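A.B. asks: The listed protein sequences correspond, in order, to chains A and B. 1 is the number of the first residue of the first sequence in our numbering; add one for each residue after it. 1 is the number of the first residue of the second sequence in our numbering; add one for each residue after it.
Since the hints were derived computationally from the structure, they do not count as laboratory data. These numbers come from a predicted model, not from an experiment. Just to be clear, a hint being listed does not mean it is correct.
[Stated by the list, open to error] To give an idea of the chain B side of the interface with chain A (calculated C-beta under 7 Å), a few residues:
{"no.": "1", "residue": "Pro129"}
{"no.": "2", "residue": "Thr132"}
{"no.": "3", "residue": "Arg166"}
{"no.": "4", "residue": "Trp204"}
[To be verified] Label pairs and their in silico Cβ distance ranges:
{"no.": "5", "chain 1": "A", "residue 1": "Ser79", "chain 2": "B", "residue 2": "Arg237", "range": "35 to 45 Å"}
{"no.": "6", "chain 1": "B", "residue 1": "Gln30", "chain 2": "A", "residue 2": "His109", "range": "37 to 47 Å"}
{"no.": "7", "chain 1": "A", "residue 1": "Phe140", "chain 2": "B", "residue 2": "Phe113", "range": "55 to 65 Å"}
{"no.": "8", "chain 1": "B", "residue 1": "Leu97", "chain 2": "A", "residue 2": "Ser79", "range": "15 to 25 Å"}
[Stated by the list, open to error] Some chain A residues flagged as far from chain B (calculated, every beta-carbon gap over 10 Å):
{"no.": "9", "residue": "Ala11"}
{"no.": "10", "residue": "Ala93"}
{"no.": "11", "residue": "Leu115"}
{"no.": "12", "residue": "Leu126"}
Every residue gets a Cβ at the ideal spot worked out from N, C-alpha and C, and that includes glycine.
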Amino acid sequence: MRFRSAGQGSALEYYLWLFTRLSAVFMLFIGAFGIIYANLAGGRLTMDTPTQYRWGFFPIYWHVQNSDIPDVFPNWSNSFWRVYGMIFLFIAAVHGFNGLRIVVEDYVHRPILLLLAKGLVFVLFLFVVGAGGVVIFELF
Amino acid sequence: MAQGEPMQVKLKIRRFNPETDKKRWWGHYQAEVEPTDRVLDALHYVKWHVDGTLAFRRSCAHGICGSDAMLINGRNQLACKVLIKEVGRKITVEPLLGLPVIKDLVVDMEPFFEQYRAVKPYLVNDDPPPATERRQSIEERERFDDTTKCILCAACTTSCPSFWARSDYLGPAAIVQAHRFIFDSRDQASQERLQILAESNGVWRCRNIYNCTEACPREIQVTQAVAEVKREMMRRRV
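Kindly generate the complete structure, drawing on both the sequences and the hints.
C.D. replies: Printed below as a string of structure tokens:
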């Protein structure tokens, strides 16, 4: 029997559980704010629905520029939207990859495989955040 | 199905005898029952008239002891509570999932009870016994009323995909038992129970799938009980 005795509990599980719930609600607000702001700033008549959603859930200014909006104010590539996009991406990545970690912990039982799988999940997390950061801050 | 008239039902039963079988197999049987009979009566018919080697557990046969929980037409149910007219003429019966099969429909309940014991499912109060009983208000008793109904049939735990995935997960039944004492105003070990449930094999493995609530033959709001334990942990910062 693989039952574990008392005293091995981890506060991390609790905080990640709480983070998952709060971040889900937070991401809804952060996405809604992006869409609402884009409409108020001039996208209402010029952005099609897919563009609005792309902007809402991954706010990089190309999404707006590629939509051929003539003169929207403010400039979508300013620092605010870049930091905003980076925060959104980071929260979404922690939320999603933590979910993947939980699935891995549920279904991978052999310790060495579990370690490898969790390592892979962490590497993928770093890659997504890193690649997203490169795109958002145009580090290429 | 006319009430009270005998009818033929087809039973497909998952069989396994560890002494003779390498793999589990399906046994096909016919039983003569009435629509208002229970699935347990159909199993009795098979055992008493068709194949005496069929093994299954049952004790009170009235939905109280919880010993005849099994997978009936894909749902965890008590064979003594499900009527033939509710499941139709074709009935598939399998042992509970996630626990080792001893023979046919009989599973080894020891892993389940080990997890049950881990949450200290008994009243802990080190105060000297009072002259009369330990009194409790109606509201205090109401707080854990739902979870007192558990009969430890294991229908909830063995319907839980998190338990199927990892057998070290305490499972909904153990959490329900912990809930029954955590919220009991007379108990003094709730903090200790919450610490046990805070471990990596405790309540955080619950994914709110609600299979347990669907499966409970006593209609306990199992997922809600689990959520209440989580909230209590947050409140007390366990």
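A.B. asks: Does Thr132 of chain B hold up as a contact with chain A if the rule is Cβ-Cβ below 7 Å?
C.D. replies: violated (34 Å)
A.B. asks: Please confirm whether Leu126 of chain A is truly not at the interface, meaning its C-beta sits more than 10 Å away from all C-beta atoms of chain B.
C.D. replies: holds (24 Å)
A.B. asks: Can Trp204 of chain B be said to touch chain A, with a Cβ gap under 7 Å?
C.D. replies: holds (4 Å)
A.B. asks: Check the following: the C-beta atoms of Phe140 of chain A and Phe113 of chain B are separated by a distance inside 55 to 65 Å.
C.D. replies: Holds, since Phe140 of chain A and Phe113 of chain B (Cβ atoms, about 60 Å apart) stay within the stated range.
A.B. asks: Against chain A, is Arg166 of chain B within 7 Å by beta-carbon distance?
C.D. replies: holds (6 Å)
A.B. asks: With 10 Å as the threshold, tell me whether Ala11 of chain A passes as away from chain B on beta-carbon distances.
C.D. replies: Ala11 of chain A not clear of chain B: closest Cβ-Cβ about 8 Å, inside 10 Å.
A.B. asks: Taking the beta carbons of Ser79 of chain A and Arg237 of chain B, is their distance inside 35 to 45 Å?
C.D. replies: Holds: the Cβ-Cβ distance is about 37 Å, inside 35 to 45 Å.
A.B. asks: Does the Cβ pair Gln30 of chain B, His109 of chain A satisfy 37 to 47 Å?
C.D. replies: holds (41 Å)
A.B. asks: Leu115 of chain A: least C-beta distance to chain B exceeds 10 Å?
C.D. replies: holds (15 Å)
A.B. asks: Minimum Cβ separation between Ala93 of chain A and chain B greater than 10 Å?
C.D. replies: holds (20 Å)
A.B. asks: So, Pro129 of chain B near chain A? Judge it on the closest CB pair being under 7 Å.
C.D. replies: It is violated, given that the least Cβ distance between Pro129 of chain B and chain A is near 27 Å, above 7 Å.
A.B. asks: Given a hinted range of 15 to 25 Å, is it respected by the beta-carbon distance of Leu97 of chain B and Ser79 of chain A?
C.D. replies: violated (54 Å)
In this structure, the earlier hints numbered 1, 2, 8 and 9 are contradicted, and the remaining ones agree with it.
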